Amino acid sequence: MPRILIIGCGNLLAGDDAAGLLAARALKNEGVAGVEIVEAHAGGSALVDIIDGADAVFIVDAMVTGAPPGTIHRFERDDLPAIFSTTASSHDFGVAEALALYRALWRHRTVPRLAVFGIELESVEFGRPLSDAVVQALPGLVAMLREEVVALARGDTEM
Amino acid sequence: MPQRRIKVDYLARVEGEGALDIRLSDGKVAELKLKIWEPPRLFEAFLTGRSYLELPDMVSRICGICPVAYQMSATHATERAFGVTVGGAIRKLRRLFYIGEWIESHLLHIYMLAAPDFLGYGSVIPMAKDYPEAVKRGLRLKRLGNDIVVLLAGREINPVSARAGGFYRVPARDDLLPLLDRLQEAKDDAARTVEWVASFDIPDLSRDIEFVSLRHPDEYPMSEGRLVSSKGLDVVPEDFESHFAEEQVPYSTALRSTIRGRGAYFVGPLARVNLNLDKLSPDAQAAARRAGIQFPNANPFTSIIARALEVLHAVDEAMEIIQSYAQPAAPFVETRPRAARGAAITEAPRGILYHRYDFDADGLIRKAVIIPPTAQNQRQIEEDLLEYVPRVIDLPIDQATLKCEMAIRNYDPCISCSTHFLKLNIQYS
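Chains as they are written, first to last, in our numbering: chain H, 5 to 163; chain A, 7 to 435.
Simulated from the structure, these hints should not be mistaken for lab results. All values derive from a computational prediction rather than experimental measurement. Mixed in with the good hints, there may be bad ones.
If you want the footprint, here are the derived chain H segments under chain A, 3+ residues with CB under 8 Å [said to hold, decoys possible]:
hint, stretch
1, 49 to 61
2, 100 to 109
Far from chain A by the CB rule (all over 12 Å, computed), these chain H residues [claimed, not checked]:
hint, residue
3, Pro-6
4, Asn-15
5, Leu-17
6, Glu-43
7, Arg-78
8, Asp-82
9, Asp-83
10, Arg-117
11, Val-146
12, Val-154
13, Ala-155
Counterexamples of contact, computed for chain H against chain A with all Cβ distances above 10 Å [stated by the list, open to error]:
hint, residue
14, His-45
15, Gly-159
16, Glu-162
Every residue, glycine too, gets a C-beta built ideally from N, C-alpha and C.
Based on the sequences and whatever the hints tell you, model everything.
Given below as structure tokens:
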């Protein structure tokens, strides 16, 4: 059985930054057979551990690319370096650094399948609810993610 | 661009920023200002009117990396106000809880932040290509620290089980026993960490420094004991404010602390090791001797070794605590509020953390004072830089900046994380 992993990233208290976590939680509540769903509230260094040993990893997070709020993005492994900028946290690093560190550490054990789903955020102000644009887009993101992992878990698509 | 603005806004609220302004005159440092942006201390204001029962969960939000420290200073201060003493298994579990945080925090610092400085890498990512086994060792140890905190309090960020008198829920013995095997492995990792950092090329910045930490007669200091210094201070934590003063400087939002009548002082792992070498576990003491670095040590750059020694001690003590653990009948000691003042100091990963609260008869907070370690170290950091900057100022600006960052990072201040956090502004006149 391949280990298929969905990792929702973000901060529940920071407006649209909760989107990735909420997408993961929605899938967890629905239940997706053969898929492990993790909510990553902590920093990137923990992500390195979580990813280790997985055959397919789908990361879902709020993003800033300049697109209209609510836009759904999907990136493959090869797109990642160009997309991510440095995430500065005072005590840990972000998703991009975690993936880079993982690659540096386990050059011979790269995750066979890795994709990042993003949802364009509007505001990450603390204490704010999700913006309307993100609320409206979230079900679409969840559906897209579900379709992809279900096909993979069933073996309909290849790793 | 709107996305730029959002990002900066987010950082400004949560993370902190640092800038170092240096004015040189005739090649000498005429003025040096370390500007630290710390979140404004609104916490002290909005805790007012809140119940002592809400306090631990509110203060844990002050810091994402050392929430346990905030919870421990708050709960100990509350217990002192209400005249409650916590002993036995609950007291030991709290030490285990704190140990988890120390391990987590120290490991992130040693492997992810400081080691790249010492080994000449821009960040841990290129370093990991050349030192994969070391970085994996660091990640393994850090995960152990996280897992200890999660086991005791539900999650590693803003853990939710601490309360005045103990915990809301305590683990059964069987919950803790699986950690023993991992701690046994971690012991080897921790010993190798000490050897590794002791092999680094460590600049010498030894000076006359006043080190301040807790000291306890029977144990390595964490949440109890007297407040002592390398220059003879020896007081109860409740007297902190009589011996230390906070000052506002116009260029920084962090209040700087001084010892009244003397000036800057140093808190954190190096202060603890210097003042409590005899309380480290026997194996940690032996590792210190083998490392070939003399302690007490007045060189701030040896902080990374002190951190590694504390990790080894923490692993030893965690094993001892778990081996002797029996689940207490109740997870906390009953606390009955009364109108009183309580103050406590505990040893956060970065040094002493002072909390003082005035409660009314219902246990509502009338006044709160919180003095974090980074603010206490700020003036000491400036003094280190005054000494260090002339030695590196002739280097190209990017290298000089890196050296200054490295000197600041000895304190693992709350601005230390982003790889290049410092803006170095040099003005020649």
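Hint-by-hint comparison with the structure:
1. For the stretch 49 to 61 of chain H, the proposed coverage by chain A is satisfied: 4 residues have a C-beta within less than 8 Å of a C-beta in that chain, meeting the threshold of three.
2. Interface restraint, the stretch 100 to 109 of chain H with chain A: holds (5 residues with C-beta to C-beta distance below 8 Å; minimum three).
3. Non-interface status of Pro-6(H) relative to chain A is upheld: no Cβ of that chain comes within 12 Å, the nearest being about 23 Å off.
4. Listed as a non-interface residue, Asn-15(H) fails to keep its Cβ farther than 12 Å from every Cβ of chain A; the least gap is roughly 9 Å.
5. A Cβ of chain A approaches the Cβ of Leu-17(H) within 12 Å, the least distance being about 9 Å, so the stated non-interface status is violated.
6. The beta carbon of Glu-43(H) sits about 10 Å from the closest Cβ of chain A, which is not more than 12 Å, so the claim that it is off the interface is violated.
7. At the 12 Å boundary, the C-beta of Arg-78(H) stays outside the reach of chain A, the nearest C-beta of that chain being 19 Å off.
8. The non-interface label for Asp-82(H) is consistent with chain A: the shortest C-beta to C-beta separation is roughly 18 Å, beyond 12 Å.
9. Every Cβ of chain A is farther than 12 Å from the Cβ of Asp-83(H); the closest lies at roughly 18 Å, confirming the non-interface assignment.
10. The Cβ of Arg-117(H) lies farther than 12 Å from every Cβ of chain A, with a closest approach of about 22 Å, so its non-interface assignment holds.
11. With a least CB separation of 24 Å from chain A, Val-146(H) remains clear of the 12 Å interface cut-off, as annotated.
12. Remark: the non-interface label on Val-154(H) is consistent with the geometry, its nearest Cβ contact in chain A lying 29 Å away (cut-off 12 Å).
13. The Cβ of Ala-155(H) lies farther than 12 Å from every Cβ of chain A, with a closest approach of about 32 Å, so its non-interface assignment holds.
14. Some Cβ of chain A comes within 10 Å of the Cβ of His-45(H); the nearest lies about 5 Å off, and the non-interface call is violated.
15. The claim that Gly-159(H) is not at the interface with chain A holds, since no C-beta of that chain comes within 10 Å of its own (minimum 32 Å).
16. With a closest Cβ-Cβ approach of about 30 Å to chain A, Glu-162(H) is found to remain outside the 10 Å limit, as its non-interface label requires.
The structure shown violates the earlier hints numbered 4, 5, 6, 14.
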